[in-house]
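Undergrad: Please arrange chain B on chain A, whose structure you already have, making use of the hints.
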Amino acid sequence: MIYFTTSNRQIAAALRHRLGLKAAPPSLPFPLYEREGALLCLSGPDPLDIASGVSALLAARPGGKNLLLISLEEGIPLESGRCPREWTLCTGFCGKDGRPWYPDILAAHPFFEGGAAWEAPDQTAYWLFRDPGAWALVRAASHFLAPHQILCLRCAGLEEGLAKEPFRRLTDWCLQADRLLCQRTPVLTDREEETIRQLAGSMFLSHTMTLQLRQLLIYQKLSRGSLEEGLSGFLEQLKMEPCQNKREGKTAFEQLRQHILL
Amino acid sequence: MNSSGSISYCKPFSHIYIEERAAAFPACARILERYPDAARIPIRHYKDLFNRPRQDWAMQKQSPQLILAVKEGRLVYPGAPVCQSFGSQYFYYTSSVMNCLYDCEYCYLQGMYPSANLTVFVNLEDIFRETEQLLSRHPVYLSVSYDTDLLALEGLTGYLEQWCRFTAKHPSLTIEVRTKGANIAALRSLPSCDRVIFAWTLSPETVIRRFEHRTPSLAARLAAARAAKEAGFSLRLCFDPLILTADFQTEAEPFVRRVFQEISPDMVRDASIGVFRISGSYLNAMRKNRPDSAAVQYPYENDSGVCHYGKARSARMTELYRSLLARYLPREQIFLWEENRKEENGWKP
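Chain order of the listed sequences is A and B. For the first sequence, our numbering gives the first residue as 3, with consecutive numbering after it. For the second sequence, our numbering gives the first residue as 125, with consecutive numbering after it.
One thing to keep in mind: the hints can contain errors.
Stated by the list, open to error - Derived DSS-like pairs: lysine-lysine, alpha-carbon spacing no greater than 27 Å straight-line:
#1 A/K98 to B/K171
#2 A/K67 to B/K135
#3 B/K412 to A/K67
What the hints assert, rightly or not - Where chain A lies over chain B, by a calculated footprint (3+ residues, C-beta under 8 Å):
#4 178-192
#5 417-424
Hints were generated in silico from the structure; no laboratory data involved. Just so it is clear, CB atoms sit at the ideal spot from N, CA and C, and this is done for glycine as well.
So here's chain A without its partners, still in its complex pose:
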């Protein structure tokens, strides 16, 4: 899942057009546009608007580890003429008080790189953009997401950045980064989770013992490839013929442990 955020209406329009995003029913103070696997939040331009927009979005629709958040904005150069007029990936941020924050840049990309600061913390060529909004966004988003899930791209020349070819390259890369970084499958399927719930019921297990059972069966699946492999129908039998009481359940659980652990 990929969430785009912007406060720029030109960028929002380009994104809606390129990705085929449709207006979603109003649920947040800011307009949302979406399609399967992608969503756009259009917030106000003030740092407070940006922070509250992203916080509201991530609280209302948490994506966990399978989410990539990408902020796209027009870049305001710290020194005129120093910024490339192409999309630039921000590799560092600096707040008003000098506090820094860094994303993890894990996916290979074709963009320029540089820093975005509330105010330039030093005179080095690293700091490219004056961007209080970027700082507000990363601070808010970092309460919800890992550093590799938050990316900010800025473009000092929107005319060039929103031209057909550069913008296609940008959005293609964003979608591919989402596939690379944020699409993971859990060890247990929903069906296997349900099997564990049934088994715990069949054996009269307490909450703590249910957690132990789950850990045991995760190990079983990882070491043998499936929940059933090598257990000679033990699990199926337990589901079909539940234990009569807690004592029987404990004995069955211990037998299962012995079967699974080498």
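TA: Showing chain B alone in chain A's frame:
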């Protein structure tokens, strides 16, 4: 982006984060020279990057980045209770580098550190100074490669060469370099000293392939171990951690036989045996980082905060290896890590 339109991870060390103070150290310039194409990002303090909350270790391990920093505070620490002291009374360890190039599924570093990025401390001279202060009081046995693999990183840091020279100059210092490395060229170029103990962690090939990603093969490790001995260093073999697999029992004998076919027993200073054990809090973090690793997701028994395979099973695993090693080495050269010995292993100054 490749031609099929999919993107890959950044190359390791494509980004180098440089602490302001570190930039002035010669080691920093030396390391940066090796990566002329890396993006250089200035940082105020390495903890601003290394200690961020909610980092994803497993993802970072796909594309580890490099941090160059200055180490502060205490630089040399007393040995931890879960580590073997090999009978040394004054057992210390130090970390000039945090994290490792290799990717072992069971590695405790993924429970100990919040980040998988490699941090190199460029002020090795300060660690030398603190070691000299300890040496002025008593002899020192110092593990210098616990939280990393200095042999694997020698091409990057050159720190082993400096440690070997430093050890050669201080007769009451013995250092241990724990490694899975196979950099024979580096070993042959190091200044020789028999108080530098190279300690190879050895595992059966099946365990290496399944759990010790990006590490050299058993054959390569054994060749490197032989080269280290031939170059004049002391040699320790570490059958530690022993990882329980379906083939644990059957592959132990051929594995140990192969080790001693390659390494003559008289080349070996000593050997250690220890089953996998880990602090409960580290294991919790490791399980989040490695949801798909059987080595990490094993339902370990938590015994006063230390998780292991259970006393009886651990004892059987240890005894199997002890009896196999006893065919080649005298008893006094075999060191065991056992739960009930952790107090005596953990010397406190």
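Undergrad: Evaluate each hint against the coordinates.
TA: Status of each hint after checking the structure:
For a cut-off of 27 Å, the pair hint linking A/K98 to B/K171 stands: about 19 Å separates their Cα positions. Taking the CA atoms of A/K67 and B/K135, the gap is about 22 Å. The hint holds against a cut of 27 Å. Simply put, B/K412 and A/K67 have alpha-carbon atoms about 11 Å apart, close enough for the 27 Å limit, and the pair holds. Against chain A, the region 178-192 of chain B contributes 8 residues with a C-beta closer than 8 Å to a partner C-beta. That satisfies the three-residue criterion, and the hint holds.
For the region 417-424 of chain B, the stated coverage by chain A holds: 5 residues have a C-beta nearer than 8 Å to a C-beta of that chain, and at least 3 were required.
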